[in-house]
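Asker: Letter by letter, the chains look like this.
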Amino acid sequence: MLTRISYALRETWVSFRRNITLTGAAVVTSAVSLLLVGSTFLIQRAFDNLLTRWKGDVELIVYVRSDADATQIEVIKGALESQASIIDVAKLRYLNQAESYAEAEKLFAGDPGTLRLLTPANIPSQFKVVPVSQDSNLIRELGEQFRNIPGVREVAYAQDVFDVVARVSQFIRVATTVMSIVLLVVAVGLIWNTVRTAMFARRREIEVMKLVGATNWFIRIPFMLEGLLQGVIGGVLSCLGLWGLNTAWSGAVADFNDTELAALVVTDGYMRFVMVILLLIGAIAGAVGSGIAASRFLDV
Amino acid sequence: MIRLDNVTKTYGSEAPAVRDASFEIAKGEFIFMVGPSGSGKSTLLRLINRQEQPERGAVWVAGQNINEIAESKVPYLRRNLGNIFQDYKLLLNKTVSENVAFALEVIGRPKHVIAQQVPAVLDLVGLADKGDRFPHQLSGGEQQRVSIARAFVNRPLILLADEPTGNLDPATGEGIMRLLERINTTGTTVVMATHDQRIVNMMRRRVVQLDRGVIVRDQERGVYD
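Protein sequences appear in the order of chains E and P.
For the first sequence, the UniProt record's numbering begins at 1 and goes up steadily by one.
For the second sequence, the UniProt record's numbering begins at 1 and goes up steadily by one.
Each statement offered as a hint is correct.
When the alpha-carbon atoms are kept at most 27 Å apart in a straight line, the in silico DSSO-like pairs for lysine-lysine are as follows: (1) E/Lys-91 / E/Lys-77; (2) E/Lys-91 / E/Lys-128; (3) P/Lys-73 / P/Lys-111; (4) P/Lys-111 / P/Lys-89; (5) P/Lys-27 / P/Lys-73; (6) E/Lys-77 / E/Lys-128; (7) E/Lys-210 / P/Lys-130; (8) P/Lys-73 / E/Lys-210; (9) E/Lys-210 / P/Lys-94; (10) P/Lys-130 / P/Lys-94; (11) P/Lys-27 / E/Lys-210; (12) P/Lys-73 / P/Lys-89; (13) P/Lys-111 / P/Lys-130; (14) P/Lys-89 / P/Lys-130; (15) E/Lys-210 / P/Lys-111; (16) P/Lys-89 / E/Lys-210; (17) P/Lys-111 / P/Lys-94.
Sample of chain P residues lacking proximity to chain E, with all beta carbon distances greater than 10 Å (derived): (18) Asp-5; (19) Ser-13; (20) Phe-30; (21) Gly-187; (22) Asn-201.
A few chain E residues that don't get close to chain P, going by computed Cβ distances all over 10 Å: (23) Lys-128; (24) Asp-135; (25) Ile-181.
Simulated from the structure, these hints should not be mistaken for laboratory data.
All values derive from a computational prediction rather than experimental measurement.
Think of the CB as a built atom: it goes at the ideal place given N, C-alpha and C, for glycine as much as any other residue.
Bound-form chain P, shown alone (with noise of 0.2 Å):
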């Protein structure tokens, strides 16, 4: 499903952010990112979804080599990708419907669509009574599940979850993961970049460990360290 050949990624003149990363995630594979800031989670992920593109190397999702596909096209591989991120990126004016209708709405979904799956996501991530609710009337657990409700909507291949659980509290992290959990155990992929130790260690999922821009361990059912 997503493949990486020897990519580097480098921010102007500073040291790699990624540095020869070399990796393969099967379809319907569960897998963390982990290592302190700073160590390129956040740069792989972006690498995944196009928003950077590597010096060198390849990154392949779903077969297609995306540092190959025309600009133009970038839009359709992403709506192969949902994200989430730890500061969720809710449209602040817009209400949980209407903020998981727009993901829908700006792809060109036709109304009666919309009107079908805002409620059925909402209903999934368990927050069908409140699609009304602006976001700053919500928890935080809440609004990262309206986020995945929005990245989930379009039934993506791959959902690339950057820190989701950083700005909760353990109990509400938790709960999230087993939304994230109960998603991938649907076929979709699930690419996440963390540093809870506490989370990573519970899941017992794919680690992939990444220090200063290198891998340095990638280990099935692994646990933080």
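Only chain E is shown next, with the shape it has when bound in the complex (with noise of 0.2 Å):
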């Protein structure tokens, strides 16, 4: 048994090293494939954990014109707090012009011209309101009497831009599940491939082994656990390029934080239970490639 098992293990190195650039290129495109099913599913948590935060946070924001007289203001505050059984009054948040053009000056950074048309004079304020009700029905019927009040702007639903985070969330969801298959089904090709080209480099070797009586899995093993070795360094390379991608688009984020963009991360156990996913696909994807690989030579 051990003379079985240290002879694997050191067919498997000589191996691996013979065709090392083949074998590099397997591994390059398992871990590239990789760390796209990663980003996958950290790109789809992360716009789950905006959702979250959205759906328990503001519902509704009333608009104020920017040329609303304090009265007006107040008219529309007492409107809103007399709906105590709809909204949570006392989360019911009132920012001023000069708050509203800050919190704009944060979520238009990256776009300069909208910026460049805002101004603390013309910026309307705006109420931000929380409901303590989940039914979007009633809150929308709510949002629809506040249109009519003097000097109310505009009344906007997140459910709105729920939508369409939504909606983008499903599309980069498909665009990369199909991108990562793709891939992976490539990396499956390109693993197999090696192992073919080492086992064709091989051929005299096996064809002895054949006639002296070793077993198909005697001889499949050592090739299998080649494949196995590639799939798992590319899992190990695309875990690491994740973490690294993780932490730049997290520590990014940080900047905006009182803005829903900070929640468009993961937290680190989901990093995690991602990265031993990704270990286990490469592992898998590897062994079962060179498997068949090489049982396709054998029967020949």
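Now that you have both chains on their own, put them together as the hints suggest.
Answerer: Okay, here's the thing in structure tokens:
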């Protein structure tokens, strides 16, 4: 038994190093495809976090005309506070024009054209409303009543933004999933090809092995381990890449601390879970790809 | 030990390589398959170690119909058969000892058994002092001895030799034949395909002659023609 194990490990290592170019190509492809698979997981999770945050937070924004006077604002505020059965009065927040402008500066940091059109004088002030009820129809009904109050410029529903984000998220989900599946197939193909080449290079050895009565599994296992190793190394590389990307991204959005963008991140626990999944996919894809290649070769 | 019942083997659409062949080989026999190139000698050997399967007929080895055994059992059948080739089929990146040990390693023999049997068989074939050489450092005759050592190290019941003297000069070929004869006296059945008339005539063993896939002669203590 020990002879067999040491034989298998030795042969795996020799073969792994022999085709270093092909091995490298297979490892890099599997790393990139697994990175995409991982990114898909993280992006989906981040959007879910973002959506959850919106859902539990502000649902309704009442924009007040920039030329509204203090009395009109008080009327709007009073009207909102009278709806204690629908909205959470304690969480009702009013952002005056200076505060709204400060928020806009962050929101439109990447869009200076829009920002240039806004000034602290022309920007609408706003009431951010947190409902107690999750019934979106009730919230919409309430919102429609406020449209007609003097001084109200517009009523916006987070649900509308929510739908847009959900659609974007859905699109990204489909696109990244398709790309990662395609790349995963390519990676399996490359591992398959590497192992086939390795077996071709050693066909004489394999012929001798078969003639002296080595079992197919005995011949196959070193090649399968080789593919497994390629897949796992690809998995490790993709984990490192994903960790780097996530750290950079989390750092970047941390600057938008008080905007919704900051919710577009994943927690460390989920990150670890995704890494384990990537390693597993790498290992299985590598072993299966090379196993198929080896079987094909041995049957001929 | 070996029995063929009306065996026919065709490659693709060509004329049969072996047609309706029947014969029996007893345990411990030494037998020559003779005939010109393409007469079906090699195919017969490949049928016996199940590298090929016949279209019709049955091949029996050590009491088993080897065409009916499962694919997964074939390796165990082959452990009873040693193979020797005209081109030796040695692994060039391994030493003489490693080449012989390889045959034991890949069937999972423990290290101490290998350490014991490899020198013993190298001694038998007369290469006791050349275990550390690589194949390219050996003469053709020596390389063939390594290949015989590899085929015999597992003490198989049957040795299949396909033109083992084909690449060797007459004197070296005779040395190889003496070695095969010695192995035969240990009880191992030897089946040898050859078109080396001199050797067949010298050995005076059973001769099965093939012509275009058909057995045309089966003679005890025969000569080539």
